[in-house]
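Turn these sequences into a full structure, and let the hints guide you.
Residue numbers (the numbering used here), protein chains in the order written: chain L, 1 to 245; chain X, 1001 to 1205.
Read the hints as simulated data drawn from the structure, not as lab findings. Keep in mind the model is a prediction, meaning the values are calculated, not measured. Incorrect hints may have been included.
Unchecked claim - Subject to a maximum C-alpha distance of 30 Å in a straight line, what follows is the list of computed DSSO-like cross-link-like pairs (lysine-lysine):
1. Lys61/L with Lys1204/X
2. Lys1065/X with Lys1100/X
3. Lys1186/X with Lys216/L
4. Lys1127/X with Lys1034/X
5. Lys1093/X with Lys1204/X
6. Lys1160/X with Lys1122/X
7. Lys1204/X with Lys1045/X
8. Lys1127/X with Lys1045/X
9. Lys1204/X with Lys1065/X
10. Lys38/L with Lys1065/X
11. Lys1186/X with Lys1115/X
12. Lys61/L with Lys1115/X
13. Lys1160/X with Lys1034/X
14. Lys216/L with Lys1100/X
15. Lys1093/X with Lys1122/X
16. Lys1204/X with Lys1122/X
17. Lys216/L with Lys1204/X
18. Lys61/L with Lys1122/X
19. Lys1034/X with Lys1100/X
20. Lys1065/X with Lys1160/X
21. Lys1115/X with Lys216/L
22. Lys1200/X with Lys216/L
23. Lys1045/X with Lys1200/X
24. Lys1065/X with Lys1045/X
25. Lys1100/X with Lys1115/X
26. Lys1160/X with Lys1100/X
27. Lys1034/X with Lys1115/X
28. Lys1045/X with Lys1122/X
29. Lys1127/X with Lys38/L
30. Lys1154/X with Lys1200/X
31. Lys38/L with Lys61/L
32. Lys1122/X with Lys1100/X
33. Lys1127/X with Lys216/L
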Amino acid sequence: MKPWLVNGEALRRCVSAWLVLCVLALAGCATGPHANPKDPIEPFNRGVQRFNDGVDEAVLKPVATAYREVVPDLVRTGVSNFFSNLRDLWSSVNAALQLRPQEAVENFMRFSVNTFWGIGGLLDIATEMRIERTTLDFGQTLGRWGVPSGPYLVLPFMGPSTVRDAVAMGVETSGDLLSGMDHIPSRNSLYALRVVEARANLLRAGSLLDQAALDKYSFTRDAYLQRRESQIRALTGKEDEEDEE
Amino acid sequence: MKRREFALHLTALLGVGALGVAHASDEAPDAMVKRISTEVLDAVKADAAIQAGDVGRITALVDSKIMPNVNFSRMTASAVGRFWRQATPEQQKRLQDEFKTLLVRTYSGALGEVKEHTLSFKPLRAKPEDTEVVVRSEVRGRGEPIQLDYRLEKTAGGWKIYDLNVLGVWLVETYRSQFAQEINTKGLDGLIASLAQRNKANGKS
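Take a look at the structure:
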């Protein structure tokens, strides 16, 4: 399985999206003495963030809250396990791409054990067996190999990202096992369920953000960029450099 | 003979006593963090009111167990940045108070959710003469381990925490840009007002 080989359709979509973004970005460039060097298109990003927040308040948050309150814990755990299991396989591929055999093997074992003995991933037997999970995505793989993150970029619906991670997302979709499903209505339902489930997991973090931040946009941006940098530093083995203030 | 024995006993006693005192302020930074974290976690797990989300009790716990080991003025000064020197002592005190209220109220909510979590500490990578160290730990519950790191400095009263890192995000650095943004648009007093407003809003929820 080689999801990282170029998928023609995805590549074309990526490039055209990127061109559109470039045009919009030029219109939304940040200027002035307080412009953040990591966020050169801040006005544009703030606009997208406002849009995302609007969609979130109107649709996603209520649905996720209802999901959390109505659906029984056991079912929600099963759903969470199912999607995490799919993620584990992709993490395994990324671990291999980053030349990390231990994580590659561990994640693959998690996927195998949970898929075959965990009823297609609904049960998380691998965690009971204490097999470590290391979540890795393609953006981290690119970062590990030295691709710089590029400016901060807020994606419509997807939220905080960087230029590198946004491009990586094109590859991510081809590595997504769900995209290979033939039955379209079921596939779309699973997409929707995954989004709702992910949002439900972040409800607590969302309310923390509301309380902790003076400006939600910059707090989200700075926390996201720091976290991303810290993850990639760990992957390239440069953890010690960070200690110098 | 007796006097010499007595003197000997006294010296020995003082020596042991001095050793005991010296030991307390010579506690290694990672040992200190480990001790305090374990105490706090144990207190949380044993207290049903805290687990139910009682902010008052959580604040009391944080004040009694955690704050004595935090150099909060350095934290605040660091977050305010170069404007700290321009602030009057009264402004500095207000900034410190509001910042502390914000942090305690916001993040102590997370403390209340600790149930089966365990802490594991990584070996300390510091030279014996270092006065500033980073202590790395992990919180393990269900799911992936959460990175939790501390920056400590050596003071006369022992090691004190002056920065905290959760999931790769350093607290002071994040608030530095938050504060800078407020100061740039509204000035120091504007920042104090924003913090006070945020605290009031949080207090109501």
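Against the structure, the hints come out as follows:
Only pairs whose Cα atoms come within 30 Å are accepted, and Lys61/L paired with Lys1204/X is accepted, the gap being roughly 21 Å. Using a Cα cut-off of 30 Å, the hinted pair Lys1065/X and Lys1100/X holds, with the two alpha carbons roughly 15 Å apart. For the suggested pair Lys1186/X and Lys216/L, the alpha carbons sit about 17 Å apart, so the restraint of at most 30 Å is met. The suggested pairing of Lys1127/X with Lys1034/X holds, with an alpha-carbon distance near 19 Å, which does not exceed 30 Å.
Taken as a hint, the Lys1093/X and Lys1204/X pair is honoured in the structure, with Cα atoms around 24 Å apart against an allowance of 30 Å. This hinted pair checks out: Lys1160/X and Lys1122/X have alpha carbons roughly 19 Å apart, not beyond 30 Å. Under the criterion of a C-alpha separation no larger than 30 Å, the hint pairing Lys1204/X with Lys1045/X is consistent with the structure, at around 26 Å. This hinted pair does not check out: Lys1127/X and Lys1045/X have alpha carbons roughly 35 Å apart, beyond 30 Å.
Between the alpha carbons of Lys1204/X and Lys1065/X the distance comes to roughly 26 Å, so the proposed pair stays at or under 30 Å and holds. At most 30 Å may separate the alpha-carbon atoms for a hinted pair to count; Lys38/L and Lys1065/X exceed this at roughly 38 Å. With a CA separation close to 42 Å, the supplied pair Lys1186/X and Lys1115/X exceeds the 30 Å bound. With a CA separation close to 26 Å, the supplied pair Lys61/L and Lys1115/X stays within the 30 Å bound.
For the given pair, Lys1160/X sits about 13 Å from Lys1034/X by alpha-carbon distance, which is consistent with the 30 Å threshold. Distance hint between Lys216/L and Lys1100/X is fulfilled; the C-alpha atoms sit about 19 Å from each other, no more than 30 Å. A hinted pair counts as satisfied when its Cα atoms are at most 30 Å apart, and Lys1093/X with Lys1122/X does not qualify at roughly 35 Å. Restraint check for Lys1204/X and Lys1122/X: the C-alpha separation of about 39 Å exceeds 30 Å, so the hint is violated.
In summary, the hint linking Lys216/L to Lys1204/X is supported, as the alpha carbons are separated by about 19 Å, within the 30 Å threshold. The suggested pairing of Lys61/L with Lys1122/X is violated, with an alpha-carbon distance near 38 Å, which exceeds 30 Å. As the CA atoms of Lys1034/X and Lys1100/X are separated by approximately 22 Å, the hinted pair is consistent with the 30 Å bound. Between Lys1065/X and Lys1160/X the alpha-carbon distance is near 13 Å, which keeps this suggested pair within the 30 Å criterion.
As the CA atoms of Lys1115/X and Lys216/L are separated by approximately 29 Å, the hinted pair is consistent with the 30 Å bound. Only pairs whose Cα atoms come within 30 Å are accepted, and Lys1200/X paired with Lys216/L is accepted, the gap being roughly 17 Å. Our distance criterion of 30 Å between C-alpha atoms is met by Lys1045/X and Lys1200/X, whose separation comes to about 29 Å. Restraint check for Lys1065/X and Lys1045/X: satisfied, since their Cα atoms lie roughly 15 Å apart, inside the 30 Å limit.
A C-alpha spacing of about 25 Å is found between Lys1100/X and Lys1115/X, which places the hinted pair at or below 30 Å, so the restraint holds. Proposed proximity of Lys1160/X and Lys1100/X is supported: the alpha carbons are some 16 Å apart, at most 30 Å. Restraint check for Lys1034/X and Lys1115/X: satisfied, since their Cα atoms lie roughly 18 Å apart, inside the 30 Å limit. Under the criterion of a C-alpha separation no larger than 30 Å, the hint pairing Lys1045/X with Lys1122/X is consistent with the structure, at around 23 Å.
Distance hint between Lys1127/X and Lys38/L is unfulfilled; the C-alpha atoms sit about 34 Å from each other, more than 30 Å. Straight-line distance between C-alpha atoms of Lys1154/X and Lys1200/X comes to about 35 Å, which puts the hinted pair past the 30 Å bound. The straight-line distance between the Cα atoms of Lys38/L and Lys61/L is roughly 29 Å, inside the 30 Å bound, and the hint therefore holds. Between the alpha carbons of Lys1122/X and Lys1100/X the distance comes to roughly 28 Å, so the proposed pair stays at or under 30 Å and holds.
For the hint linking Lys1127/X to Lys216/L, the alpha-carbon distance of about 39 Å lies beyond 30 Å, and the restraint is violated.
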